[in-house]
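Trainee: Residue strings, one per chain:
There are 4 protein chains.
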Amino acid sequence: MKLKLGMVGGGQGAFIGGVHRIAARIDGQWELIAGALSSDAERAKASASDLGIAPERAYTDYEDMAKAEAARSDGIDAVAIVTPNHMHAGPAVAFLRAGIHVICDKPLAATPEQAEEIAKAQRDSGKLFILTHNYTGYPLVRQAREMVARGDLGELRVVHVEYVQDWLAEETTGKQADWRVDPQRSGAGGCVGDIGTHAFNLASFVTGLKTDKLAADLQAFVPGRQVDDNVHVMLRFAGGARGMLWASQVAVGNENALRLRVHGTQGGIEWAQENPNVMTFTRFGQPKQILTRGGAGSTEAGNRVTRIPPGHPEGYLEGFATIYNEAAAMIRHADRGEALPKGLHAPNITDGLEGMHFISACIASSKADGVWTPLG
Amino acid sequence: MKLKLGMVGGGQGAFIGGVHRIAARIDGQWELIAGALSSDAERAKASASDLGIAPERAYTDYEDMAKAEAARSDGIDAVAIVTPNHMHAGPAVAFLRAGIHVICDKPLAATPEQAEEIAKAQRDSGKLFILTHNYTGYPLVRQAREMVARGDLGELRVVHVEYVQDWLAEETTGKQADWRVDPQRSGAGGCVGDIGTHAFNLASFVTGLKTDKLAADLQAFVPGRQVDDNVHVMLRFAGGARGMLWASQVAVGNENALRLRVHGTQGGIEWAQENPNVMTFTRFGQPKQILTRGGAGSTEAGNRVTRIPPGHPEGYLEGFATIYNEAAAMIRHADRGEALPKGLHAPNITDGLEGMHFISACIASSKADGVWTPLG
Amino acid sequence: MKLKLGMVGGGQGAFIGGVHRIAARIDGQWELIAGALSSDAERAKASASDLGIAPERAYTDYEDMAKAEAARSDGIDAVAIVTPNHMHAGPAVAFLRAGIHVICDKPLAATPEQAEEIAKAQRDSGKLFILTHNYTGYPLVRQAREMVARGDLGELRVVHVEYVQDWLAEETTGKQADWRVDPQRSGAGGCVGDIGTHAFNLASFVTGLKTDKLAADLQAFVPGRQVDDNVHVMLRFAGGARGMLWASQVAVGNENALRLRVHGTQGGIEWAQENPNVMTFTRFGQPKQILTRGGAGSTEAGNRVTRIPPGHPEGYLEGFATIYNEAAAMIRHADRGEALPKGLHAPNITDGLEGMHFISACIASSKADGVWTPLG
Amino acid sequence: MKLKLGMVGGGQGAFIGGVHRIAARIDGQWELIAGALSSDAERAKASASDLGIAPERAYTDYEDMAKAEAARSDGIDAVAIVTPNHMHAGPAVAFLRAGIHVICDKPLAATPEQAEEIAKAQRDSGKLFILTHNYTGYPLVRQAREMVARGDLGELRVVHVEYVQDWLAEETTGKQADWRVDPQRSGAGGCVGDIGTHAFNLASFVTGLKTDKLAADLQAFVPGRQVDDNVHVMLRFAGGARGMLWASQVAVGNENALRLRVHGTQGGIEWAQENPNVMTFTRFGQPKQILTRGGAGSTEAGNRVTRIPPGHPEGYLEGFATIYNEAAAMIRHADRGEALPKGLHAPNITDGLEGMHFISACIASSKADGVWTPLG
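Just so you know, the sequences run in chain order D, X, V and L.
Start counting the first sequence at 1; every next residue gets the next number (the working numbering).
Start counting the second sequence at 1; every next residue gets the next number (the working numbering).
Start counting the third sequence at 1; every next residue gets the next number (the working numbering).
Start counting the fourth sequence at 1; every next residue gets the next number (the working numbering).
Only chain D is shown next, with the shape it has when bound in the complex (with noise of 0.2 Å):
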């Protein structure tokens, strides 16, 4: 049986619900049958038609939504929110009340106070909270952690992670453009809650290290933007290790270069997103190896999450994808009072706390020039 999903957000003209469906489907574990897709009746409606969504499961209001879900026998597992980021709170809270799954697009929220509501109305309900930071759906990513915890890499001494773009190198228009550079919509953060969060969360999941404290500069280079368009942190790590992490959207000759290394006293890897089925690896003193996707000395936590074989790439909407599947497994297992299974992940609320303290932290040092600002 399939799970029913529902969404807010992701009517016409929107990119990052679309993403969502797609990852959805592809395992065949959802089936979209409810949605709030827009604010704007008609295009709620439209939107909804589009996608084979029943007339009376189309809502116009989240609110809304949540309640009339509840109610039904037959009302949706799950609510995927793919709003603005100020737009994420509202949805959430309202559906975990309803006691209602929500799984929910990154960055937590726009301000340190809904991310706060959200959490609190996790906890309250006791239902399922997951973050689509989708980047730790890449078989590769889930390997590279197990390598790490496994110790291949020896103590971690270095990391550094980049998540560089140029889109936004130019003032710019257009309906993905706008919100992320209104701080009213996208938060005290510009690039570095869209996708600085990004990269914080993929060092973090795969070194398993915690951020003591972050020295940081940003910086809005596009003249008259109101939030940061670069951002250079540098990081000290519980335990010693030190990191740093670029993200930019005005670094011209790039897409969407997600790229982390990590160094320990034995070793070191390097995987880069855009060509993700393939990740180096060196143990100190011997050749460095090309690992692939699913193959020769690939292991159990990526080939959990790897559908086709080593050399036919899998990309960014399948480790999008994964997130759906672990959810899927996450609520079929709660249902039944089931413990998970090993191996099982998906980036939660305490993922998305980190993440706004993240943003706050960088915010907070970039404005006492670079001072060491503890997180959290």
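The hints are simulated quantities; they were obtained by calculation from the structure and are not laboratory data.
If a hint is listed, it holds; no wrong ones were tucked in.
Identical chains blur together in the list; that is why a pair holds if it fits in one copy or across any two.
Below, computed lysine to aspartate or glutamate pairings styled on EDC-like, alpha-carbon distance capped at 16 Å:
(1) K127 / E117
(2) K2 / D50
(3) K213 / D369
(4) K2 / E31
(5) K45 / D64
(6) K67 / E56
For chain D, the structure is supplied; the task is to place chains X, V and L on it using the hints.
Mentor: Below, chains X, V and L without anything else, positioned relative to chain D:
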């Protein structure tokens, strides 16, 4: 409304059936509702159950299935045939005769006779026959074809294509390997049929060139192997261009290295499926360009089949899904009696026959010590 | 007529001395005819003999050598100083005072005081002082500088440079390692002086930007190490551009990974010394280009120092040789009292002092917990 | 003591002569002291003067030079012949007869008859004849040969080699192009002689395989061209391995793309000269390794001809220099009557004759419509 899909083959333990199913799901155009998933009754039933197929639509015999589905008012719109090569013709003919569109894995058949049977049934039925030469679904492959067609490369001179693996470098056993090295099931061609046809199809698709004749040197390197596992071919195209084709399943260090290089009087391109979101293009005398899927310099033909922004990799499954998408669009247009929209494309019976001619010519040339042998 | 070269340091067992000698030979501008190759008399003599230096030109003391060579009518035109850092100032001052041009390995000295001594001697003597920041000799580095200068990248915004190795990831012994981790010989900076200065110099050379201030986080990861082995720096340039610099000798999986990325309002470039014949360049909104040394799109500044056709790689030694070539041309022009030809360039005492300021600022900032620290 | 080198050809405006001179200088083993640099007296004189050759050692006739140098007590130890192909035999024979070692550019000659003349003169004289198949001087090429020889790849099965350029894609004029497309000067083979022989030699050198027979398809794509500019060859090696060779001067988008792939029962390697400091190696069933020149996993044969640490690229000139180094060592050992040290290697007359047989067989096979043609 989703189209209704049936499947022949693809039961538990199969590989390519699962790929077809994901491909059919990705864009939400298809719903799998019937299947003769295995000739083993128990496995057929269990496999159907796994896939949410209703018991009354789970068949053990494709003839029964073709008749029953044709008779139902809610019968399937198309059937996907995902059996080993020697089992294509039977179901293909049965479903075509029953008036049901067919989507069939490649190569077309195990023998020229079977291929002709299918072709005849297709002509007689007037139904769609789509062959899943899935690599033609990659956006940059579409773009390459468009660039060649509009003259970006000038007049073509030299074409190099290769599809190189190593998974059969040793005597292997297992469901995937067994039938591929058994001439009764794979046909007289081993590697040449399994992946050589993909390479040949890709080169033909992108360049638009017809192969006049070829000189081949086929070899079975693994002791005791009854079909070729390494294929060297020189090609002469109508109009004077020349080419080389290499297919191998024993080239240690390769996974699914399908790579195409096309050179004309004014430009050259290079594409490889293991990192399919990137293609290089050089105009003579100018710097080489890196073209990305959907990125700067991308064209209509590629963008038409692109789902997500550049820098977010799409992969093998998305390319495969595009074939299913195109099939869906063709069926919808055919059912409405409408002309197909510009740019829509799916490999068809003609491609299948050309692939069979390619296999036959390679085997004939190689037996005749490499004599230049015409195709078809 | 070849110019006459002397050498201080570089006896048997040394590394960089041999590099200087090859560099001096490649283009046939220099002849090595004198040396104080070791402070050990036996080794000095044997080393000289190996290199075909006449016994009467083989010295054990650089002071003696400076005096003797200055006194000869056939005395050396220039001396190459290839000793450990703390041994640069002595010979540099001695030869400059003796009226002999100096070519000196980097960094300039072990201490700011020594650096100032050299600078003063250079000013007083009016002789040439050339610092072998050899990476500035790579043709594509010259081209990158020219492209930035002529505005191909627009106004610069973000600069990333890194020089990453792993050879000191463990406690090491050996002639090359020993002095580099001994603050008495290397100076207070370890990695920051040895390779951080190369990275800093490369970024400065290509961008033409002056660094206003920096915030640094230096670390000695290897237990017991007395100098830094990993260096994180954030940079603020005059005019508003920002940067990051990473230097490491403990990043497992890296050999000599010196890499520069420069992004401006209209374009971005990326270059890495391990494959130095290739550079990417992207104009905003256009496909990324692969520029090759001497190939399509190459420019005057790079071609001026290119020896062979594109596709035939030049390497580290050729880039180093270009510094020796430039030095030779400078000396010939200086001796003739002629103006230098356009484009001729060699790193000089100013670059050396800036490198020393960079080291000092990094150490000071890091000690002050990362406070933004001005240079110079 | 440096060895004394003479040169025939390589006057002003020539390309390869300058390469030979740099190669001879790099390791300090040679001194250029005589030359017949041009058959034009003025140019010969001016070229000699540029190079610091004394007027009395500047000849206009190679016969005169051979006699005069043989007669001097300080005569040259070896002569480098860097003329177009049809001008190799004359000077080669003259110098060999005069008892002077010969270093000659490739291919051996313009015609089989000339080649035999040289071979005879070499046998009669007992002097060294070294052919500058310079790609055999790359450290990783030496290492690849060693790895094959010691069995790292198991029994060889499939060899692919290609040398691809685009500089003759259009009708070209200029000193370098002119003689290469003139059968009077280049010989009957165009591309096949100029770069096909390099590819053939590289494959033979690394694999140690003898080519039994080949089937070739040669083409002249540029209208009016009298020699081939694109070469397709299938190869059968003694012992059963198979191969393909592609050489082209019209493949737009390529500079000097010489690339070798060797696959055996247990391993595969891949190397390309445009980034020659890197080679991949895969043991069957294990992750692909990236081997770097001098890095982890490097071997004796490569390290023997390596000058600088891994990560600092060596290039084309260093590989070429290694041939000169080996020549110097051979001469010194020959003069002392000593056995050659292990590992020392330079391409010789046998390689030259095999290259000529390769050219002849390619032309013969292609004329006979691709019939399998034995070599030699």
